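Protein chains in written order, with UniProt numbering: chain G, 1 to 211; chain R, 1 to 211; chain Y, 1 to 328; chain V, 1 to 328.
In short, the hints are calculated from the structure, not lab data.
From a predicted model like this one, the values you see are computed outputs, not experimental measurements.
A few of these clues could be false.
[What the hints assert, rightly or not] Taking lysine to any residue pairs in the SDA-like style, the calculated list, with each CA pair at most 25 Å apart, reads: (1) V/Lys2 to Y/Thr227; (2) V/Lys199 to Y/Phe202; (3) R/Lys91 to R/Asn113.
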Amino acid sequence: MDTGDFRAWVRESSRLITEQAGELTELDAAIGDGDHGINLRRGFQAAVEMLDDAEANTPGTVLTTVGRGLISKTGGASGPLYGTAFRQAGKSLGDVTDVDAARLGGALEAAFNGIQQLGAAREGDKTILDALGPAVTAYQVAVEKGGDLAAATRAAAEAADRGRHETGPMLARKGRASYLGERSIGHEDPGATSTALILNALATVAAGEAS
Amino acid sequence: MDTGDFRAWVRESSRLITEQAGELTELDAAIGDGDHGINLRRGFQAAVEMLDDAEANTPGTVLTTVGRGLISKTGGASGPLYGTAFRQAGKSLGDVTDVDAARLGGALEAAFNGIQQLGAAREGDKTILDALGPAVTAYQVAVEKGGDLAAATRAAAEAADRGRHETGPMLARKGRASYLGERSIGHEDPGATSTALILNALATVAAGEAS
Amino acid sequence: MKKLINAPDGVLTDALIGFAAAYPDLTVNLEDRYISRGPTAGKVGLVSGGGSGHEPLHGGFVGYGMLDAACPGEIFTSPVPDQLLAATNAVDGGNGVLHIVKNYTGDVLNFQMAAELAGDDGTPVETVLVNDDVAVENSTYTAGRRGTGGTVFVEKIVGAAAERGADLAAAAAVGREVNERSRSFGVALSANVIPATGKPGFELGDTEIELGVGIHGEPGRQRGPITTAREIAGFALDAIHADMPLSGDVMVMVNGLGGTPLIELYVVYAAVAEWLEGHGATITRNLVGNYITSLEMAGCSITVARMTPDLTELWDFPVQTPALRWGR
Amino acid sequence: MKKLINAPDGVLTDALIGFAAAYPDLTVNLEDRYISRGPTAGKVGLVSGGGSGHEPLHGGFVGYGMLDAACPGEIFTSPVPDQLLAATNAVDGGNGVLHIVKNYTGDVLNFQMAAELAGDDGTPVETVLVNDDVAVENSTYTAGRRGTGGTVFVEKIVGAAAERGADLAAAAAVGREVNERSRSFGVALSANVIPATGKPGFELGDTEIELGVGIHGEPGRQRGPITTAREIAGFALDAIHADMPLSGDVMVMVNGLGGTPLIELYVVYAAVAEWLEGHGATITRNLVGNYITSLEMAGCSITVARMTPDLTELWDFPVQTPALRWGR
Ligand SMILES: Nc1ncnc2c1ncn2[C@@H]1O[C@H](COP(=O)(O)OP(=O)(O)O)[C@@H](O)[C@H]1O
Ligand SMILES: Nc1ncnc2c1ncn2[C@@H]1O[C@H](COP(=O)(O)OP(=O)(O)O)[C@@H](O)[C@H]1O
Ligand SMILES: [Mg+2]
Ligand SMILES: [Mg+2]
Ligand SMILES: [Mg+2]
Ligand SMILES: [Mg+2]
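In isolation and in its complexed conformation, chain G is listed as follows (with noise of 0.2 Å):
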């Protein structure tokens, strides 16, 4: 994937998140303050303009300026999560202009230990990273068998809409919906829910689907 790519993926993801803004502030009604899908807007669409206006040349730079447009709209949980996992995707990409699967895979592993270590929370918890999670490893498990990347990226994204799905039965630990205790339980989690539709965006974009 090279750095018009990733701006391709960046796009597509304001797209499905705008188009899906609806049901991921319902989802959040539900069991948070009902503005996931409003703050994911605001954040991507800022974000897309920033990418429009920076020259951003390579697929990091790509990345930490939409970490840093996500940080500085988004607000909410969700802000600083997301902005934190793509400055620490990009940052980990360094300068390379054509990024390979293997790469695709340590920066979506930087993005989950970026979102673990300012989020502290694990796995289970009804969170993002019960998406990003199981996404990573069946990633990796896809290049280690020998995927190419538009394979592993779809694996990625099918195992996030998974792993969104086996939320619902979840009890949340983290963010506002663990004050809802045994009541968060039979909700998919809004995070998890954002995070599938990101991975599929950037399995439409490797497919070469979306421009």
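Since the structure of chain G is already known, use the hints to place chains R, Y and V with the ligands on it.
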């Protein structure tokens, strides 16, 4: 009517008003502020209590005591108006102990004048006066035709009922209902309605039906 | 009906007990139902009152630089002469007592009776009638304009004048001047619920607002669909401007009716400031918040007063009450 | 949804424009989104912030004796690090800046990032985390107790300490002490409506209340049927008392959540005073009104702080902000 009859009138008025407080309040909710029944119930119940405690041993003092009680406890526009009416009626009776039909007619007229002077309304303004005015007239006509006190109070009560119904199509020009302008049309006036109740109580007592 | 009360008919008593506990510097006479700060020798006493449900008005405005006593009636029901008389006597500092009365038939009649009784007792009483609500047109065919937001301005400014030694006639004159220079217009987005009835005082559709509503939920000039804060403020200010042309120095109050978030009042204030600037008027003083409410009604009222340097000086005079406090 | 706004996504900007017009003594930076009173040389700067919709918190508490700057996020959404950093720099008087942060994941993370950035720039930043809401039990299994009413006490008292010359460490220590001594419990009678979604944040039945609600409408401990103010206050105080036994001198705030009439808050205050007296505690200071709201939510929160003479002295220190004002 002797002192006991006047006490009975007040008690019967209080009973009727308490019973119909909901209706009075609903009428007031439509074109006023929805408290007429509550106001009058509070006022009349207090007046009855004051009367129970007071050594009112003439019809006149019964009525002035009630008037003072209504003024003290009712609040709203109706408190001073009805209070003044009872006080003026009581004063007009002097210290006679047995009130005949003619004297009672004078008392009703004094009540009308008291309200008219204090509130500066005219008949047709959609107020208490639109029940009380026709009642006073009907009473006097009945007496002139030789009717006794029971017949005259019955005529007054019936005229008050008619008068009250006739406030429906009137446009309010006094009190809170006046703010409605044209929109006050089509609703019967709460004050005219409570006046009809008080005059019905009088007719009941005069007929010896209540105690 | 869901309300934080113990029983519908005990609301006022319970509230007065709470008020007394919260403001130990003030006197709450539960028997006679008034809130006061005791008489100040030589000063004209200021008494206001009216139905409850408009808090902080009037009890929240008792204190240095403002009222001497407030008489709360039952919710939305004017106080009775007895309590007005008791309060009048309690704050009579020997130089007479000024009654500040919002123009509603009930308030007017009850205050009038109290003034007569006080006069019989030898206490000179003057009355300032507040009737600032421009929503009521053709006021000759009605009980007259209602007293609303202008009351806050009158009470504050007369309070300062009395504190500075104005005699009864002078205090009354200042009050009348403020009233004449003040105009209000209210807008309701939802109805209030009187505890005693437990039902909304009026019905509004899901997207309907009442333009020109009174502080008891009295009807306004018209109903309309909900629109922007800017248009609503414009409608209100146009109505005020048509009645009293706005220019020069003005004081503005954007008042919440009880159920509207403060952030919305800031939005309205922005629109009001924009409108007034566009019409060449200068806002020299302002209040934004809940000062004269209508229970939990959602909506706001806008009050504008044309100021003079003297009135501004009186406005700036120190005040120390539960709801208004500065300069000391 | 009926609201006094121009457009759902412009509420914060419009409100800030209105706020700026209403309080010309304060600075409103629309670009960077903060309200400030400029740096006071030598004084520790106090910055707070959080999602909007809780007005007057925090912008209404900027001024002498309280905050130096407030950073409003979008409605119910924490502010972003950029604005927190800009505000931190704006009020840095050379002796460091204290961040007062309500304990919500979003607020904590965004403030943390801003503090790191400020630290990189050489500005020492300390953080006081407010987490006073006892509705959240088993806080080790959650994001922790939420910060609610105690924030008002912390901001006022730290504000006084900073004004009197406390250094950064001392100001932080006072803030933490106030937080440790404060506990809150909220009760919702109706839900709020976020303008951006236009729908109630949660659903309550016609006779249902949420006991232990958060200031964003977060769920409480349980739902129950509407009951008397006395029982509701008792439930809240029992919860507080179980967590922090109440005795001796206490300060109490009965806070309206935005849609509750002030007269009801007086009724609740009466019940709170009765309960505390019955438990041998003495209310030495109080606030009754809307201080930390949740848009138009009906209901109230009760905050109690166990006081010391030093804290009381700091509470009494002059304050001059839009929403809290005394002694000067
Ligand atoms: N500590 C955490 N670690 C990872 N993800 C978290 C954490 N806390 C919250 N989240 C995620 O953030 C999402 C909520 O984001 P958002 O609604 O934008 O922020 P807020 O909760 O501040 O309103 C949750 O659904 C959850 O997935
Ligand atoms: N000026 C007046 N003269 C006679 N009756 C009046 C006048 N003003 C109001 N009323 C009567 O008072 C009634 C309302 O009484 P009430 O609801 O108790 O008082 P309020 O209007 O103060 O709430 C009206 O229905 C009307 O009949
Ligand atoms: Mg959220
Ligand atoms: Mg009425
Ligand atoms: Mg009334
Ligand atoms: Mg949020």
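Hinted pair, alpha-carbon criterion (25 Å max): V/Lys199, Y/Phe202. Please report holds or violated.
Answer holds: V/Lys199 to Y/Phe202 is near 23 Å, not above 25 Å.
For the pair supplied as a hint, V/Lys2 and Y/Thr227, confirm whether the alpha-carbon distance does not exceed 25 Å.
Cα-Cα ~9 Å, so holds.
Is the straight-line distance between the alpha-carbon of R/Lys91 and that of R/Asn113 25 Å or less?
Holds, at roughly 13 Å.
In summary, the structure agrees with every hint in the numbered list given earlier.
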